[in-house]
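Visitor: So the chains spell out like this:
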Amino acid sequence: MNKIVYFGSKFYDKQQLSSYNIDYASLNKFRKLFNNGLLFSSGIGLPRLQIPEWYDTIFDLSVPQWQNKSITFEEATNNRALEMMKYYTEDIPILVYWSGGIDSTCVLSAIHKNFNTEFKKRIKVVLTNQSYAENPFFFNKIIKPNYKYITYGDETYINNYVVHGDPGDALWLQGNVLDLSKTRNVTNDNISNDPTNLYYVYKQKGLEDEECDWYINFLKHDAKLIDLELTTTSDYLWWANYSMHVTTSIKSLLHRLPTQDIKNKNFVDAFKNHCLPWFIGNDYQIWSINSQINGKKYNGNIRDYKMPAKQYIYDLDKNRYYRDYKTKCISITNNLKGDLDSPNIIIKQNCSILHN
Amino acid sequence: MKVSTTVKREISHYFDTLNTEEFIFGSAVKFNNEYCQYGLYEGITQTFGIVHNNPLYLYYVKNIFSSRFNFELVKLSSAWNFNKDLIDNSCYAEWSINSDELSVLSFNFNVEHKIHNVQELVPRTCDVDNKLLLSNLEYLMYTVNIVNVLDDLSKFKALDNLGANLFEHNLDISTTDYDHKFNDTFLDLPIKDDFFHTKKFIFDILYTEFDLNKAKQRIQDLLS
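Chains as they are written, first to last, in this note's numbering: chain A, 73 to 428; chain B, 91 to 314.
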């Protein structure tokens with residue numbers, strides 16, 4: 073039996089739904105799937121996928137019951153590292169996909185701080201020129217002297233554990249407050265007190281009034297399932313994104329699977345056993361939800377973008393530039409057209425570095 | 091990194107004409123503080139990191155510093171209130187851009203390398219600590235110096251874009267050091283190769299070394 077994977081974060085785009093032959097009646101299916109903690113592809117421009125039954129049973133991706141539990145990002149990250157060590161039972165390499173961005177650098181920092189020597193010996197950092205260009209300081213100070221590293225290559229989840237920075241972004245979502253503030257003259261203060269903002273946002277996405285009502289009620293109902301009450305506009309916007317992103321987190325893993333592998337039990341078993349997302353974990357989710365509720369996630373300055381994670385990294389590498397100036401950005405090698413004399417390196421499979 | 095003796099000699103020769111000491115310690119290029127039409131804008135602290143009159147040099151600097159700051163290359167002279175006495179590298183940090191433009195430049199998603207035309211220069215009011223940015227002015231100016239010198243040297247040696255004929259015409263230094271095969275493609279000429287790589291290594295030092303004094307020392311070591 074196959075399940076249909078819908079376009080989670082874009083599902084309310086009427087035109088897109090239509091282009092993928094999904095009608096609004098199908099949203100009832102979506103609702104059912106979502107309540108069961110299953111997953112949705114949020115990719116844009118990807119075809120609707122038919123996936124096998126096993127897909128919904130790989131990981132528990134549901135959002136945990138809300139708890140008023142005091143936990144810091146640092147504690148959640150250290151706890152996750154210790155959990156992951158217990159998960160890596162087979163004596164095979166652990167591939168850490170490092171982009172140079174905040175999430176995957178945070179993962180490597182957690183590994184460096186918490187893993188014991190034997191586990192560290194099994195680490196292979198998978199990186200590219202772009203990774204290096206985005207964070208050369210971390211590469212030179214932490215990765216190069218301590219770990220094996222390879223460029224993105226043939227090695228996969230078959231004979232390795234695989235870990236990366238997904239779904240890190242989900243933890244930090246703010247609920248489109250920034251987007252809204254660009255198009256409407258609103259601030260974090262008045263956004264909370266003006267529920268018509270919600271309708272404005274969703275109508276921008278193509279929903280009619282009654283569909284907005286349906287969707288808002290859906291979100292409210294869904295949050296109640298974990299004992300969470302949505303009160304402000306930003307709460308709704310955040311929850312809509314957060315719940316979707318958490319449940320769609322496996323999408324990026326799925327992309328690593330060649331189509332034929334999905335039908336192969338050995339590959340599927342390897343995938344299930346070797347690819348546990350780092351940022352899926354109750355502590356992280358509780359931290360994220362509570363940080364949303366207490367407003368500590370974002371105080372209005374871009375410097376604070378993912379600051380707890382940047383601080384966690386800073387505690388290890390002491391790079392003030394990365395802590396104070398790193399934001400979501402397009403890294404240098406994305407910018408290059410090949411005609412600039414910018415630094416460019418090739419990291420070979422044998423870990424040597426060629427300056428190109 | 092090995093730099094060929096020939097390349098070292100040629101770079102040193104060129105530096106000598108400029109005064110090597112000045113080059114290494116960062117004052118070879120006279121900053122034209124009278125007319126800084128362009129700047130690198132930093133969105134978190136909402137001010138500029140450096141201003142200069144050559145956008146190409148700033149573009150290089152933006153990339154060389156991209157793992158440290160998210161700079162946007164902006165044109166200052168497009169602001170309605172711009173005049174040549176308004177802003178230079180002694181007062182750039184007191185200035186910002188109109189708040190209507192801030193959201194455009196808040197996150198560095200500009201992948202098309204468009205130069206943002208500033209509409210209005212306004213006094214900076216943002217209270218986010220910008221000491222780290224300010225402390226980099228000397229390094230930024232030093233990098234502009236190096237880009238400037240290497241750019242000039244490239245033109246002189248016709249190493250980047252000029253045709254083989256011009257290359258041949260200009261190849262009046264140490265010609266005998268090279269086993270020229272004029273039928274070779276321009277790309278295959280050894281002088282280009284060596285110089286090109288030297289340039290890469292200098293940029294690589296600037297890219298990875300966050301301490302200016304150490305960067306200067308490494309470049310000196312490379313060329314000595």
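Calculated directly from the structure, the hints in this document are not laboratory data. Note that CB positions come from ideal geometry on N, CA and C, so glycine has one too. Fair warning: there could be bad hints in the mix.
Straight-line C-alpha distance at most 27 Å; calculated DSSO-like pairs for lysine-lysine [claimed, not checked]:
id : chain 1 : residue 1 : chain 2 : residue 2
1  : A       : 213       : B       : 165
2  : A       : 296       : A       : 196
3  : B       : 304       : B       : 174
4  : B       : 221       : B       : 174
5  : B       : 174       : A       : 216
6  : A       : 220       : A       : 193
7  : A       : 196       : A       : 390
8  : B       : 304       : A       : 216
9  : A       : 213       : B       : 174
10 : B       : 174       : A       : 390
11 : A       : 158       : A       : 292
12 : A       : 216       : A       : 196
13 : A       : 390       : B       : 221
14 : B       : 306       : A       : 390
15 : A       : 213       : B       : 304
16 : A       : 344       : A       : 158
Here are some of the chain A residues that sit facing chain B, going by a computed Cβ distance under 10 Å [to be verified]:
id : residue
17 : 157
18 : 158
19 : 271
20 : 399
Visitor: Each hint: holds or not?
Guide: Structure-based check of all given hints:
At roughly 36 Å between alpha-carbon atoms, residue 213(A) and residue 165(B) are farther apart than 27 Å, so this suggested pair is violated. Restraint check for residue 296(A) and residue 196(A): not satisfied, since their Cα atoms lie roughly 42 Å apart, outside the 27 Å limit. The suggested pairing of residue 304(B) with residue 174(B) is violated, with an alpha-carbon distance near 35 Å, which exceeds 27 Å. Restraint check: the Cα-Cα separation between residue 221(B) and residue 174(B) comes to about 26 Å, which is no more than 27 Å; the hinted pair holds.
Note on residue 174(B) and residue 216(A): the hinted pairing is violated, with a Cα-Cα distance of about 47 Å set against a maximum of 27 Å. Of the supplied pair hints, the one linking residue 220(A) and residue 193(A) holds, its CA atoms being roughly 8 Å apart against a limit of 27 Å. Taking the CA atoms of residue 196(A) and residue 390(A), the gap is about 23 Å. The hint holds against a cut of 27 Å. Of the supplied pair hints, the one linking residue 304(B) and residue 216(A) holds, its CA atoms being roughly 20 Å apart against a limit of 27 Å.
Annotation: proposed proximity of residue 213(A) to residue 174(B) is violated, straight-line Cα distance about 43 Å (limit 27 Å). Note on residue 174(B) and residue 390(A): the hinted pairing is violated, with a Cα-Cα distance of about 40 Å set against a maximum of 27 Å. For the given pair, residue 158(A) sits about 36 Å from residue 292(A) by alpha-carbon distance, which is inconsistent with the 27 Å threshold. Annotation: proposed proximity of residue 216(A) to residue 196(A) holds, straight-line Cα distance about 11 Å (limit 27 Å).
Straight-line distance between C-alpha atoms of residue 390(A) and residue 221(B) comes to about 17 Å, which keeps the hinted pair within the 27 Å bound. For a cut-off of 27 Å, the pair hint linking residue 306(B) to residue 390(A) stands: about 22 Å separates their Cα positions. Under the criterion of a C-alpha separation no larger than 27 Å, the hint pairing residue 213(A) with residue 304(B) is consistent with the structure, at around 16 Å. Of the pairs offered as hints, the one joining residue 344(A) and residue 158(A) holds, with about 16 Å between alpha carbons and a cut-off of 27 Å not exceeded.
A least Cβ separation of about 30 Å between residue 157(A) and chain B goes past the 10 Å threshold, and the interface hint is therefore violated. For residue 158(A), the interface hint is violated, since its Cβ never comes within 10 Å of a Cβ in chain B; the closest pair sits about 35 Å apart. Interface hint status for residue 271(A): violated, as the beta-carbon distance to the closest one in chain B is roughly 23 Å, over 10 Å. At its closest, the beta carbon of residue 399(A) sits 6 Å from a beta carbon of chain B; the interface hint therefore holds under the 10 Å criterion.
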